[in-house]
Amino acid sequence: MDRRKSIQTIILGAGASAIVFHGCKTEGDKTTTDIAHSSDPDFFGRTPEELERIEKLNAETLFNEHEMETIAVLSTVILPPKEPHGGPIEAEVPEFIEFMGKDIPELETPLLGGLMWLDHKCNTEFGAEFKTATLEQQKKILDPIAYHDTEVPLDEQTLEIQFFALMRNLVVSGYYTSKMGIADLGYKGNMPNIWDGVPQDVLDQHGVEYDPEWIAKCIDQSTRATIATWDAEGNLLT
Amino acid sequence: MQIIESPEVYDVIIVGSGAGGGMATKQLADAGFNVAVVEAGPFFDPADPKTMTQLKWPYESPRRGAGTDRAFGEWDMSWGDWEVEGEPYTQAEGTNFKWWRSRMLGGRTNHWGRISLRFGPKDFKGKTRDGLGEDWPIGYDDVKPYYDKVDKLIGVFGTNEGLENDPDGFFIPPPKPRLHELFYIKGAKKTGIPVIPSRMSMLTKKINKDRGVCFYCGQCSRSCSVYADFSSGSCLIFPAQKSGGKIRIYVNSMVREVTTNAEGKATGISYVNKEDRKEYQLKARVVILAASACSSARILLNSKSPQHPNGLGNSSDIVGKYLHDSTGASATGFIPGLMNRNTSYNEDGVGGMHVYSPWWGDNSKLDFPRGYHIEVWGGMGVPNYGFGFDANAFNEFFGAKIGGYGDTLRDDVKKYYGSVVGFGGRGEGIALKENYCEIDPTTLDQFGIPVLKFNYKWSDHEKKQAKHMQDTFEELIHNMGGQQIWGGKSGKDDDYGLRAPGEIIHEVGTTRMGNDPKTSVTNKFNQLHDVDNVFIVDAGPFVSQADKNCTWTILALSWRASDYIIEQLKKQNI
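Protein sequences, first through last, are from chains A and B. Using this note's numbering, count along the first sequence one by one with no gaps and you end on 371. Using this note's numbering, count along the second sequence one by one with no gaps and you end on 584.
Where hints are given, some of them may not hold.
Once the Cα atoms are required to be at most 25 Å apart in a straight line, the calculated SDA-like pairs of lysine to any residue come out as [stated by the list, open to error]:
1. B/K473 x B/K424
2. B/K162 x A/I352
3. A/K321 x B/G130
4. A/K215 x B/K411
5. B/K375 x B/P249
6. B/K443 x B/T353
7. A/K350 x B/R295
8. B/K284 x B/S325
9. A/K189 x B/D526
10. B/K162 x B/K284
11. A/K321 x B/Y69
12. A/K321 x B/K375
13. B/K502 x A/D337
14. B/K60 x A/D236
15. B/K424 x A/K350
16. B/K284 x A/K321
Because the hints were derived from the structure by calculation, they are not lab data.
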């Protein structure tokens, strides 16, 4: 059984009611061209040495099953799923966090130690592991560590505060670099496009305007396929 | 171990395939000469689907774009960065130079910012202007015809503005400014800082039948698969091959030294083949070094012989001296006016900035001698690792709580998306003899070649310039209605945020040109004073940096040197 499925099962099994799954819709106005299709998905631009390192990291296990489940539960408390773009589980945030914990070795100890702290604290207070505690109990554990004094550098704060800040960063980053997170954000780029300026309604919204003199110098996109020629002074003729 | 000699004698060997090497390859191959290009890294073509990173999504990688393997993030198209495995460099005590090396065909041109600025008339005559450094033995008029030809051959967008020290050229039209750039233009205007369209080598329209036109993905640092931006492979070396040039490319070949004969003339080079780890020799009538300013200096210094006991071309003891990088300092602002962005449109644009500020100041009225330009960045970029870290840190400016969790995090991410604008000052430092690289005899790389040791410290000139940058950025952020973020304004205690030398990756000057063989390494045609069949066409021969980037000048001077080499070869002078 693949690990992601098992995480989904445990979360649903644990009765975390806030979590509802929705298949991510890959709708959109994708301008497909040969360019976008010409790359080799097996490599994602890695050199053979880089691929080898990724494979090596993938073969290692950093978190045991309980820890992965705890990360899954914690990540959905940090960023609850929301229609229509799902949440951290669909975005494979726990897997991403495990990979980063191996890829950047400095993250390993704060992550492992923080997870232990979470269960210890939860057991002490409520006699339950964090992942099986109620949402109310989980929040009671998190509230004191989730709003740290920003005047004090993070590395001078207690481990649990550092842990939570790290987890929050990884959860938000992991979600918003996923297909669903990018859809939630609304980002429209990373595909072939013809840039022809900021739409008028956006200019109006932000109270700025184009200077006609400036715009007159810019590319007229209807001429982009015409080969450039100049006169002797550098004035563009075509 | 026996050194394996090749029987073939090339007309020209070119060491390195970046901007300078690529241009020399194109000119000499087009002129019919038999050329060997020797590159330390593997073959690279931006159009190769296997190595292509353009248009990858963060989720295609388990690390979502993090920079673990590549210093500028895993989509950046440079194989090699500040560190190259098995190829160390060392530092003199108390100094810190960072040396970027891209080990691949095309070198650093595959990932660079494509900011393509000509040096102006004043830039060639620094000493005349303020008594510091040295004048070049050539002036703008010597280089202008070549800048013109480079513009037309490679393509650069921009506008003719009639500025004295930022000369006009043969431009294609620039793209329109993005939203944050309109804020920048407005903010700069309040302070009287000029802003003009950027000058960058991406094709906003066709310049020939072979190269594609920009499709605005904003990813020039990933090297363009349709060749719509400049890289040495796609725009110089491949076209020269295509038009029938006699070019043999030796990849994964690490040059050790230039070989010489009893008369002291160069006979070729020796290199280590990285695949079989054996040493080979190639012969040629002319050797052109284009390995990058520091690598070419290293090759010269390692080329010791009875005729050249101090290293090749180093009777002056100037090789490696006068090393200098552009200065760099930066600041970042949170601009509330850019909050709550409408994400209904794609504003990727070209990679980097659509507008910039060329140097506007009068240094005779300031406490530092040379200028800088301002680069600006911002906008709704593609999220990668690190996106959303400290998602609601800007709550501080509204007296709201920072941190927390839950649904509000989503709202905060969206509210602040695209509201950050960054400023980079890139300026001219003074070339000093005391800043240099030399051979460190105690350390070898994995190919048995002695490595470089760096010795470089900024002077007060650069620190005062960085202070001016910080004051300017503060004013710009204020004018844009923003707040300085990420550590706030840099001050005296951190040298005003002045980056370590080398970090701007514009290092030049190690084999400077001049008319006097006692104080310079090459003549005004990039030819060694000591050995007439060795030329250097990277940024080593630069007498001084300018408040510009160096690539367009490397290209122009390499073309100019190539014309001279062709003429000398035809006359059988070399």
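Quick rundown of the hints versus the structure:
For the hint linking B/K473 to B/K424, the alpha-carbon distance of about 38 Å lies beyond 25 Å, and the restraint is violated. For the hint pairing B/K162 with A/I352, the CA-to-CA distance comes to about 17 Å; that is within 25 Å, so the pair holds. Only pairs whose Cα atoms come within 25 Å are accepted, and A/K321 paired with B/G130 is rejected, the gap being roughly 39 Å. Between the alpha carbons of A/K215 and B/K411 the distance comes to roughly 22 Å, so the proposed pair stays at or under 25 Å and holds.
Of the pairs offered as hints, the one joining B/K375 and B/P249 is violated, with about 48 Å between alpha carbons and a cut-off of 25 Å exceeded. A C-alpha spacing of about 52 Å is found between B/K443 and B/T353, which places the hinted pair above 25 Å, so the restraint is violated. Pair hint A/K350 plus B/R295 does not hold up; C-alpha atoms about 48 Å apart against a cutoff of 25 Å. Straight-line distance between C-alpha atoms of B/K284 and B/S325 comes to about 32 Å, which puts the hinted pair past the 25 Å bound.
Restraint check for A/K189 and B/D526: the C-alpha separation of about 57 Å exceeds 25 Å, so the hint is violated. For the suggested pair B/K162 and B/K284, the alpha carbons sit about 37 Å apart, so the restraint of at most 25 Å is broken. Between the alpha carbons of A/K321 and B/Y69 the distance comes to roughly 16 Å, so the proposed pair stays at or under 25 Å and holds. Among the hinted pairs, A/K321 with B/K375 is inconsistent with the structure: their alpha-carbon atoms are about 47 Å apart, more than 25 Å.
With a C-alpha separation of about 41 Å, the suggested pairing of B/K502 with A/D337 is violated against the 25 Å cut-off. Straight-line distance between C-alpha atoms of B/K60 and A/D236 comes to about 23 Å, which keeps the hinted pair within the 25 Å bound. Straight-line distance between C-alpha atoms of B/K424 and A/K350 comes to about 33 Å, which puts the hinted pair past the 25 Å bound. A distance of roughly 43 Å separates the Cα atoms of B/K284 and A/K321; the hinted pair therefore is violated under the 25 Å criterion.
Going down the numbered hints, you'll see the structure goes against 1, 3, 5, 6, 7, 8, 9, 10, 12, 13, 15, 16, while the others check out.
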